[in-house]
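Assemble the complex: chain P is given as a structure, and chain W must be docked to it using the hints.
One-letter residues, chain by chain:
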Amino acid sequence: MADQDTIDLVKDIDVDKYKYGFTTDIEQEFAPRGLSEEVIRFISAKKNEPQWMLDWRLEAYRVWQTMVEPTWAKVSYPKIDFQSLYYYAAPKAVTGPKSLDEVDPKLLETYAKLGIPLKEQEILAGVRQQGEKSTLDEEGAGATTPVAVDAVFDSVSVVTTFKAELAKAGVIFCSISEALRDHPELVKKYLGSVVPQGDNFYAALNAAVFSDGSFVYVPPGTRCPMELSTYFRINAKNTGQFERTLIIADKGAYVSYLEGCTAPTREETQLHAAVVELIALEGAEIKYSTVQNWYPGDKDGKGGVYNFVTKRGDCREAHAKISWTQVETGSAITWKYPSCILRGDHSRGEFYSIAISNGRQQVDSGTKMIHLGKHTSSRIISKGIAAGRSDNTYRGLVSAHRKALHARNFTQCDSLLIGDKCGAHTVPYLEAKTSTAQFEHEATTSKISDDQMFYVMSRGLSEEEAVALIVNGFVRDVLQQLPMEFMAETQKLIGISLEGSVG
Amino acid sequence: MLDIKNLHVKLEDEGREILKGLTLSVKPGEVHAIMGPNGSGKSTLSYVLAGREGYEVTDGTATLKGEDLLALEPNERAAKGLFLAFQYPIEIPGVATMQFLKVALNAQRKARGEKELSVPEFMRLVKDKAQQLNVTQEMLKRPVNVGFSGGEKKRAEILQMAVLEPKLCILDETDSGLDIDALRVVAEGVNALRAPDRAMVVITHYQRLLDYIVPDVVHVMANGRIVRTGGKELARELEAKGYAEYVEAAE
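For the protein sequence lines, the chains are P and W, in the order given. Counting in this note's numbering, the final residue of the first sequence is number 503, and the numbers go up one at a time with none missing. Counting in this note's numbering, the final residue of the second sequence is number 1251, and the numbers go up one at a time with none missing.
Next comes chain P alone, as it looks inside the complex (with noise of 0.2 Å):
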């Protein structure tokens, strides 16, 4: 009898502090489980793809097959069965992309509890569009601007909001099915330019796999006029999640995107593994900013999330900007090091991520600055917090080709240690081929001292509270990148990951 109220007391306890643990109960449709070439033809046909899309994945499928996992990664975890997961699930009612009207009321309801209201979103803009914009400003003191969604759930893009209103400042922003068939000359032009489908095991797997993803493009000259988003969640049992993103700025565009990531708790472990491709051409700027937060397992390393992620901008042209900001929090496993190719000449590439782990997290995380044009310079600020029993490791590569004359690169790593037996790795490899970069490179790990809590303690703070304050203090050099209606959440979202760290 009191094993049975621990047992659920402790239940209780997990499902406080990974809030998004829930599942939706809702009809889904799968394709059959294992992956082989008839199974990338259903996931093709189901999306009426034309021919040359079905024959890219296949061959991605045949590179794929004659690839083997990377093990370089300071990560462990028991052989991934790729024949025993599911490749594609959609919730059964979605054909497509739909309007928020047709969309099944669950779907909505989950996206709400995920704390996106869709339809309030557009109620909202269509209040702003008809000019009572005292009302918006009266509640939300100027604080909330619209921001456009795009919800994936699991594998297909189930709604994209304020389409009509980015599409008259010539922004497209959709699924990446949709892409398909809307814009094909578009993604034939740009998919795999940046991460082609041989590029890694897992870019490989995605390749043939992907079964949607956001598609943006932004035309010459265009600030994209508000935030865009896409929020991506797991939710059927044994199923891999492939998305693939791919984001276009044309000459002297702007564009702001956020990711964000939920899953439900489950006892065994789920993969995903995305692609990203950003490209910005002369001048153009994008901004990526990740909130991940999938489901880290539970105290003991059961369950969670295994995150092989590949993302890569390409600053293609002359004064191109890319900046990268991730705030990782969540997942059993992660894989991770978003990159910029400098290209263009005097082209910018930038990294800012806050990586924290707790319980039996690992993350292997970081970076890759490939210098390529004259004058290119980059910025890398990685800031690792490490907790519980986990393994937290920044990996770096800031590399200058022989023609990138006058390079510049600046690093700063800073790893934080909670409790004694975690740990924070940092592994940068620097290397240039001209005499003419200039790599400054800085790295400090510092302990939360038993002074710093007695003090913000004494002042009123409760131990978790304490801990919560100094981390957002270490990490307060990345937060500032955050989009502002992001950063409060994160902010948050940092004391709930750091639950029960200490004491």
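Simulated from the structure, these hints should not be mistaken for lab results. Any given hint could be a false lead.
Calculated pairs, BS3-like style, for lysine-lysine (alpha carbon to alpha carbon, straight line, at most 27 Å) [as the list claims (entries may be wrong)]:
(1) Lys1102(W) - Lys492(P)
(2) Lys1080(W) - Lys1129(W)
(3) Lys492(P) - Lys1115(W)
Coordinates of chain W only, in the frame set by chain P:
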């Protein structure tokens, strides 16, 4: 307000006894000074009262308004009205002083079941108090104690005290590292907080601070105990004669 009876405390790791039967009673509205040589246990007393880890209470009691202090976490003691102004204030990188004040005040208010203050309410509250202590807006934006001069740190401590409005203020060597001008500003800040329902314990080496913060009662502490208690004139006597006779007597 504060009642300490026969308090015995030893260091957790080395087992050495620091406080050896200390007894002290401070009433609301009173300012008590505790003077004594290095190593007499003055700072240990302040840490034990505020709840720092690393000390073991082996005997005796300490109560604040009749409530057992020693059973509470440091944050609970703060919410009950205890405030310790640190001899060496700690740096909290990346946390703006203003933000720290607000988070601390609201944490205490929440613990007491009071409404948390909104940003404008809080700003109004801080503005006047900061001005009195010569704390500029620029300083409030800087991270807590990071890059502060000695004087700035102490003024920031007293500002925290003024904003949190504690019932019992313990000032641990607040005069250390201050020049005469900074000392005056800090002392004025402290004097402004003297109130009939508030008690203060001023721990100091030197009589100098007591010229500015005039105490009602002066205690001499030596070898972990209060060895003599008198009026404010006792401070002057100590200044002239030193602690030697008390140290010898206590050993």
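Would the hint linking Lys1102(W) and Lys492(P) be met if the CA-CA limit is 27 Å? The hint holds at about 16 Å.
Against the 27 Å threshold, does the CA-CA distance of Lys1080(W) and Lys1129(W) hold or violate the hint? Judged against 27 Å, a Cα distance of about 22 Å means the pair holds.
Within 27 Å, alpha carbon to alpha carbon, are Lys492(P) and Lys1115(W)? With Cα atoms ~20 Å apart, Lys492(P) and Lys1115(W) stay inside 27 Å; holds.
Hint compliance for this structure: every hint is met.
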